Amino acid sequence: MPEIRDINTKQPQHVAVLAFPFSSHAAPLLAIIRHLATAAPTAHFTFFNTYKSNASIFSSSSSTSAKNIKPYHVPDGMPEKYIFSGKPQEDIELFMKVAPENFRKGVEAAEAETGRKVSCLVTDAFFWFAAEMAEEMGVAWV
Numbered sequence: 106m107p108e109i110r111d112i113n114t115k116q117p118q119h120v121a122v123l124a125f126p127f128s129s130h131a132a133p134l135l136a137i138i139r140h141l142a143t144a145a146p147t148a149h150f151t152f153f154n155t156y157k158s159n160a161s162i163f164s165s166s167s168s169t170s171a172k173n174i175k176p177y178h179v180p181d182g183m184p185e186k187y188i189f190s191g192k193p194q195e196d197i198e199l200f201m202k203v204a205p206e207n208f209r210k211g212v213e214a215a216e217a218e219t220g221r222k223v224s225c226l227v228t229d230a231f232f233w234f235a236a237e238m239a240e241e242m243g244v245a246w247v
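The working numbering puts the sequence shown at residues 106 to 247.
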């Protein structure tokens, strides 16, 4: 098991937040992250979510978003020109099939863009793969 990085260093913290974009999951998670971002103004929070979900929750809360929270869009898993079969939860299944890889790529891109390695993962409970991601990265998982 890799050692977890010490978060009590002088290095600026970077929290990666992996949101589940369906139903009402993302909005309450963003509300919690807003409180954390206000309490930790030197930390950077990257909020990973689909474009559609980010557009919805950030537009309705843009005036109250902390400056240290950045939305980051991950693909929704919908193949180009895809036609739904009408199966319930089909969009969720398509998203979850590609979510682990899309979130990994997103985290790598956000680290490169910010120049800050992620120091903690905060995720929706549906993302079982986040435990493995955190272990591989040597960071805490909440």
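One or more hints might be untrue.
Here are the computed lysine-lysine pairs in the DSS-like style, where the Cα-Cα straight-line distance is at most 30 angstroms [what the hints assert, rightly or not]: (1) Lys175 / Lys222; (2) Lys192 / Lys175; (3) Lys192 / Lys202; (4) Lys172 / Lys210; (5) Lys222 / Lys192; (6) Lys186 / Lys157; (7) Lys157 / Lys222; (8) Lys186 / Lys222; (9) Lys210 / Lys157.
By construction, these hints were calculated from the structure, which means they are not laboratory data.
Note that the structure is predicted; figures quoted are calculated from it, not measured.
Given pair status - Lys202, Lys192, alpha carbons within 30 angstroms: holds, 16 angstroms
Are the Cα positions of Lys210 and Lys157 separated by 30 angstroms at most? Satisfied, since the Cα-Cα distance of roughly 19 angstroms is no more than 30 angstroms.
Assess, step by step, whether the Cα of Lys192 is no farther than 30 angstroms from the Cα of Lys175, and give holds or violated. violated, 34 angstroms
Given the hint that Lys157 pairs with Lys222, test it: the Cα-Cα distance must not exceed 30 angstroms. Status holds; Cα separation ~26 angstroms.
Sort out whether Lys192 lies within 30 angstroms of Lys222, counting only the CA atoms. violated, 39 angstroms
Within a Cα-Cα threshold of 30 angstroms, do Lys186 and Lys157 meet the stated pairing? holds, 17 angstroms
Check the hint pairing Lys172 with Lys210 against an upper bound of 30 angstroms on the C-alpha distance. holds, 24 angstroms
With a cut-off of 30 angstroms on the C-alpha distance, tell me whether Lys186 and Lys222 pass. violated, 36 angstroms
Between the alpha carbons of Lys175 and Lys222, is the straight-line distance 30 angstroms or under? Since the Cα atoms of Lys175 and Lys222 sit roughly 15 angstroms apart, the hinted pair holds (cutoff 30 angstroms).
Hint violations for this structure: numbers 2, 5 and 8, all remaining hints satisfied.
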